Amino acid sequence: MKTKHIVDGVQPSEGAIHPKNRDELSIALSDVLDSDKVVVPIGGATRLQIGAKIPKYDYALDLSGMNQLVAHNSADLTCVAQAGATLKSLQDVLKEQGQFLAIDAAFPEQATIGGILASNAPGYMRWQLAHMRDMVIGMEVVLPSGTITKSGGPVVKNVSGYDMARLHIGGYGTLGVISEISFKLTPLPRRQGTFILGFQTENDLHNFSEEVFRSHVMPLALAGINSEVTKELNLKFPASLYLVLVRIGGRQMAFLRQKEILSQIANNYQYAHTEFFEEDSSDVLWEKLRDFRGYNINTSILGRVFSTPTRLRGLLAHISEYLQKIELKVALSVQPGFGTMEFYFDGVSNSAKVDVEVIMSEIHRIVLENNSHLNYEQLPTELKNGFNMWGPINRGSLDLMKSLRRTYDPTRKLNRGRYITDSE
Amino acid sequence: MVEAQEILKLPWLNESELYKCVHCGFCLQACPTYLTTGLETESPRGRIALMKAVNEGRLEISDQVMRHWDLCIQCRACEDVCPSGVPYGNLIESTMDQIRDHRKIGFIPRLAYEISLRHLIPNQRNLAIVVSMMNLYVKSGLQKVVRKTKILKLISKRFERLEKMTPAVNGKFFRAEGQLYTADVEGTETIQMLSGCVMPLTQGNQMRAAVRTLNKANKDVEVPLNQGCCGAINSHVGDLGKAKELARANIEAFSKGSGTEPIIVNSAGCGARMREYGHLLSDDPDYASKAVDFSKRVVDINEYLDQAKLQPGETSIPKTVTYQDSCHLANVQKVKDAPRNLIKSIDGIDFCELKGSNICCGAGGTYMITEPEMSEAVLAEKIRNLVDSGADIIATANPGCFMQLDNGIKAAGINVEVKYVTDLLDETYTKSK
Amino acid sequence: MSQSELLEIKNLVPELKNIVGSDYVLDDKADLLVYEYDGSIDRGNPVVIVLPQSATEISSVLKLARSHSIPVVARGAGTGLSGGAIAEHGGIVISMARMNKILEVNADDRYAIVEPGVVNLDLSTHVGPQGLYYAPDPSSQRACTIGGNIAENSGGPHCLAYGVTTNHVLGMEVVLADGSVTWFGENERDGIGYDLRGITIGSEGTLAIVTKISVRLLRSPEHVKTMLMAFETIEDASAAVTGIIGAGMVPAALEMMDHFCIKAAEEAVGAGYPEGAGAVLLVELDGLFESVEEESDEIEAICREFGPLEIRVADDAMEREKLWSGRKGVLGALGRLAPNYYLVDGTIPRTKLVDVLKQINELSERSGYPIANLLHAGDGNLHPSILFDERKPGDVENILAIGAEILRICVESGGVLSGEHGIGLEKQDQMPLMFSDEDMATMSLLKIAFETEDLLNPGKVFPTGAGCGDISQARAIARVGPGAYI
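Protein chains in written order, with numbering that gives the first Met the number 0: chain C, 0 to 423; chain P, 0 to 432; chain H, 0 to 485.
These are calculated hints, taken from the structure and not from any lab test.
Being a predicted model, the structure only gives us computed values, none of them experimental.
You may find that some hints are simply not true.
Stated by the list, open to error - In silico EDC-like pairs for lysine to aspartate or glutamate, Cα to Cα no more than 20 Å straight-line: (1) Lys255/P - Asp238/P; (2) Lys391/H - Asp387/P; (3) Lys287/C - Asp91/C; (4) Lys258/C - Glu361/H; (5) Lys258/C - Glu278/C; (6) Lys9/H - Asp27/H; (7) Lys51/P - Asp100/P; (8) Lys327/H - Glu14/P; (9) Lys258/C - Glu389/H; (10) Lys262/H - Asp285/H; (11) Lys100/H - Asp100/P; (12) Lys94/C - Asp282/C; (13) Lys51/P - Glu452/H; (14) Lys401/C - Asp177/H; (15) Lys335/P - Asp296/H; (16) Lys383/C - Asp91/C; (17) Lys51/P - Asp27/H; (18) Lys28/H - Glu380/P; (19) Lys391/H - Asp79/P; (20) Lys357/H - Glu234/H; (21) Lys100/H - Glu14/P; (22) Lys401/C - Glu452/H; (23) Lys51/P - Glu231/H; (24) Lys51/P - Glu234/H; (25) Lys391/H - Asp336/P; (26) Lys321/H - Asp336/P; (27) Lys28/H - Asp336/P; (28) Lys51/P - Glu35/H.
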């Protein structure tokens with residue numbers, strides 16, 4: 000037994016299956032005939048903690064053996080890879096041709112592209128404010144029954160038949176197991192760097208970000224982090240309440256011009272600190288931030304908020320106010336342009352004056368009040384009992400999602416009980 | 000279900016023109032009646048589909064079908080955006096001509112039509128008498144003729160509209176008597192000018208302003224004798240026979256000089272008609288080639304003045320001015336920039352573009368009288384955009400547009416003036432008060 | 000549709016009038032006739048047309064239709080090229096012409112909420128003064144509606160850099176087949192659950208009727224530059240395309256025309272292309288001033304390697320318009336050469352351009368039908384146009400066969416059946432070229448999960464005679480596994 004396959008503290012009762020290709024994957028799934036059995040597809044196991052507490056678990060379907068880059072057509076800016084390939088292995092090959100996949104996710108050495116897509120993993124790379132689903136142009140999926148099926152292909156423009164890949168991005172492997180993916184690629188910027196500003200107020204953070212997006216700068220990434228994150232990353236910056244990091248890239252002149260625009264915008268603010276990191280040091284900075292997924296994995300609580308740039312303002316203000324009131328240390332990271340926020344705190348050993356369940360509900364209430372959505376991605380297993388980690392979703396959508404789940408996986412063979420569709 | 004043998008087929012003059020339409024739908028957003036109704040039947044593509052269906056014997060020419068064709072303002076904005084080059088103007092014109100015999104028209108309206116459109120408008124002397132008397136009985140006859148369905152229900156509405164549209168006689172009549180207006184300095188060129196039918200009687204002052212402006216451009220302006228209505232209204236309502244007769248008369252009237260002078264037209268609708276005399280008379284062995292030569296001489300006054308690089312006078316006009324494209328100038332004669340250039344050349348004017356300036360105002364010659372509901376609905380959107388533009392003055396290049404806009408502005412009670420581009424230019428040469 | 004079914008629908012007219020108002024239900028013969036077609040070559044016969052003004056009205060219409068098992072087809076501007084808006088099985092056509100309002104523009108969050116009948120270009124015109132625009136720009140953008148764009152997942156020349164419709168829609172309000180109204184996603188750029196938004200986009204109106212759409216708006220670029228490059232041969236031009244993409248540049252647009260189009264455009268609009276040009280490339284760059292300048296220098300250098308006959312560059316709006324005039328006038332120009340043209344749409348990997356164009360030319364010579372090639376070369380999207388005369392007996396059958404052959408060539412080269420027009424009626428029977436029975440059954444399961452009655456735009460996407468008609472067969476795919484379907 001591998002610790003890698005433990006889900007919510009549970010080992011698979013029948014052990015693990017390690018398919019090497021689509022046919023083995025198909026057989027593995029079609030061989031599970033007992034409608035009672037539950038299969039959990041696993042890639043790099045970096046995000047297995049997501050979802051409601053698993054009620055029963057029989058097979059670990061470990062895809063890490065399906066890790067080949069099937070094709071890289073650099074002149075076409077496309078590639079095809081097996082789902083079990085790690086993000087790092089893919090980016091390394093692409094980099095040699097001056098290209099990259101505009102998707103990033105924590106722990107790329109372990110995280111597989113299939114897992115990243117299935118679990119809609121968060122990342123900071125947001126060129127053109129695109130979502131990772133915008134990089135997917137084709138997908139091969141093995142249905143719970145073992146049927147191999149594909150849609151799309153290695154061309155960048157395609158409206159032939161339903162856009163099936165969409166179902167599986169963020170589908171947490173409940174409608175099928177992703178086996179192969181076609182991506183569209185992006186040229187690596189010739190130069191890149193990160194502009195850092197330290198602010199004392201949330202307002203400055205939002206205003207600055209808004210101005211950047213109104214300007215002609217095209218950020219590769221823009222994030223705001225609070226001092227708790229700064230501290231955890233061991234970044235040697237003078238204490239500011241918030242740091243804003245703007246990553247820019249391009250050819251030489253375009254790069255310099257963007258840097259200049261950022262400095263000009265910054266001059267309108269009372270910033271406490273500023274710095275500019277170029278090339279490798281900029282890479283390292285974002286890698287650290289990317290791989291920060293909270294504190295101790297067993298006790299950490301991680302919330303993901305989906306909102307819009309302007310709603311995020313009120314949201315952040317109200318949450319900060321509340322956290323101050325209860326004296327809870329929370330690490331916060333926001334992407335104001337993209338309208339998302341993540342927060343982390345220790346669910347067991349924290350200094351708060353209030354019960355952790357109360358905190359979780361109160362934050363949820365604030366999020367809803369600001370017309371936004373919250374998903375608790377990570378909870379200590381003991382806190383999962385009966386708690387709706389997914390947050391509410393409108394009735395019509397939920398009914399349809401359940402209908403899709405019933406249609407594609409009538410026995411709930413895959414990931415039973417974990418996804419939003421399996422909630423009562 | 001209509002039996003196949005009952006369906007009358009329209010013998011289309013040029014079937015291949017009809018089948019050039021590949022129903023791509025690019026015309027929809029250019030069509031004022033589609034924009035107003037959102038109905039495919041009131042779009043160029045829909046009207047052509049009905050023509051095709053009739054041509055193929057799939058549809059009879061019912062009152063409803065004719066109604067959809069009647070509702071076309073014939074602004075021809077669809078031609079301008081058509082990627083396949085469908086000659087919509089020709090299609091609707093020949094459709095209107097051919098269905099004239101299908102209309103169930105009573106004796107009185109037919110007589111009224113005969114009088115108004117075949118004898119009155121084409122004849123300056125008769126028309127002058129009528130305009131002077133403002134004989135409403137005769138005019139209501141005109142309404143009756145051209146639109147006949149639901150006539151009793153609609154008559155009061157049209158009557159009201161006609162009365163509103165009745166232009167105030169503006170200054171003395173401008174008569175075409177072969178006179179010559181010479182420029183202050185020695186003229187570089189002599190041009191011939193169309194005086195037309197209604198405009199010289201109701202807008203004499205504007206005609207004179209146009210002449211003065213041409214003189215300022217150092218042109219000698221001759222107004223040939225025996226010229227008359229261009230025939231646009233007749234072709235619009237489907238009387239191509241009369242239109243051809245008028246075309247031949249004008250070709251004769253304008254051939255008395257060197258036969259090469261530019262023919263300047265300050266009414267966009269007339270200019271468009273005259274530029275297409277070549278097409279109109281293409282089956283007339285005596286006039287076909289004369290008509291082609293004639294059409295080549297026709298130039299809109301705005302285009303002519305812009306090309307002549309007219310220098311406006313020194314009097315400033317400190318107003319916000321916008322411009323409504325006259326359909327037959329923009330869509331048929333393809334003149335869009337010239338009037339704008341002229342307006343912008345005037346000192347003091349703050350020019351603003353009117354939203355949807357390329358969409359018809361709903362005038363359409365007699366359309367504003369015959370189809371008052373649709374005409375007013377189209378106009379309403381125009382007036383909304385005009386208010387939004389914040390303009391003090393709206394300039395245009397055609398008497399129909401002038402009257403329609405003026406009427407809409409008065410009804411809305413807003414403080415905007417309608418002027419011809421040439422009126423504005425003329426004002427720059429007069430000393431400011 | 001049988002006489003009794005026809006009569007049943009006619010009997011519903013009073014009820015429909017109660018729902019949407021008597022002026023907005025059409026069933027006169029002339030009215031129905033003009034809703035037979037869209038921009039494609041197919042036709043259908045709707046029995047009644049309704050023009051609703053709200054999701055509530057559409058919901059009531061759908062409930063009524065469902066209770067009588069009547070098919071319903073939503074229609075935007077009817078500019079589609081694959082028959083998406085055609086009432087293939089008769090029934091009710093819902094025209095979105097009255098649902099054409101821009102409901103909200105949020106410049107700070109950079110989204111707009113629009114009704115489906117809003118014309119694509121009108122949105123960009125509306126938000127332009129705020130320095131924003133809506134990126135997908137199908138060639139029909141002056142006329143086509145955003146609702147229709149959603150159904151077909153439309154692209155356009157500038158989708159090379161910015162992506163197609165699905166990349167620009169945040170969320171939408173839909174009416175499902177049972178009449179229920181719900182939102183798929185909202186104004187957020189990310190969220191939880193299956194991407195219902197994503198699967199509905201491009202589903203050709205078969206899953207839901209969209210009634211409100213939240214779209215992303217982009218900031219207008221600081222600088223735009225258009226370059227026109229004429230080459231002696233299509234091989235040189237294609238090599239230049241590969242060179243540009245390979246050098247790490249993704250221009251806003253990268254278009255190509257072959258000698259046939261060049262000749263036609265030259266005759267029609269006098270675009271001023273150099274004599275002897277076998278291919279013309281149009282490249283548009285936009286964005287930061289410096290970035291545009293640096294990339295255009297580099298592109299020029301790359302193109303010089305392939306011996307261009309001429310390179311012209313324009314960076315003001317009027318000059319750019321001139322360079323585009325030839326490209327935009329091509330379709331009209333083809334109309335001068337033949338009464339009709341059949342515009343085929345397929346995508347191939349960009350690197351296969353030369354080979355595929357050669358095969359298409361051979362096909363043209365073999366068949367005797369001229370084929371003009373107009374392509375979004377940057378993303379490998381081909382638009383071969385077959386010239387013909389619909390009144391000539393046999394022509395329509397022949398060109399359809401040629402079109403199918405072109406698609407076969409595309410698929411064999413690793414490409415797909417449609418880049419931006421959709422499958423609809425036009426290509427439903429070619430689906431098996433690209434998809435296995437299992438693939439198509441998997442797709443039809445999606446339809447089944449949304450509705451089992453098959454009343455929303457039936458008869459589209461799936462091959463005639465197959466498709467989601469047979470639910471039990473499709474379900475077997477989910478239950479039993481490989482081989483079960485065959």
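Hint by hint, which ones does this structure get wrong, listed from lowest number up? 1, 2, 4, 8, 9, 10, 11, 13, 15, 16, 18, 19, 21, 23, 24, 25 and 27
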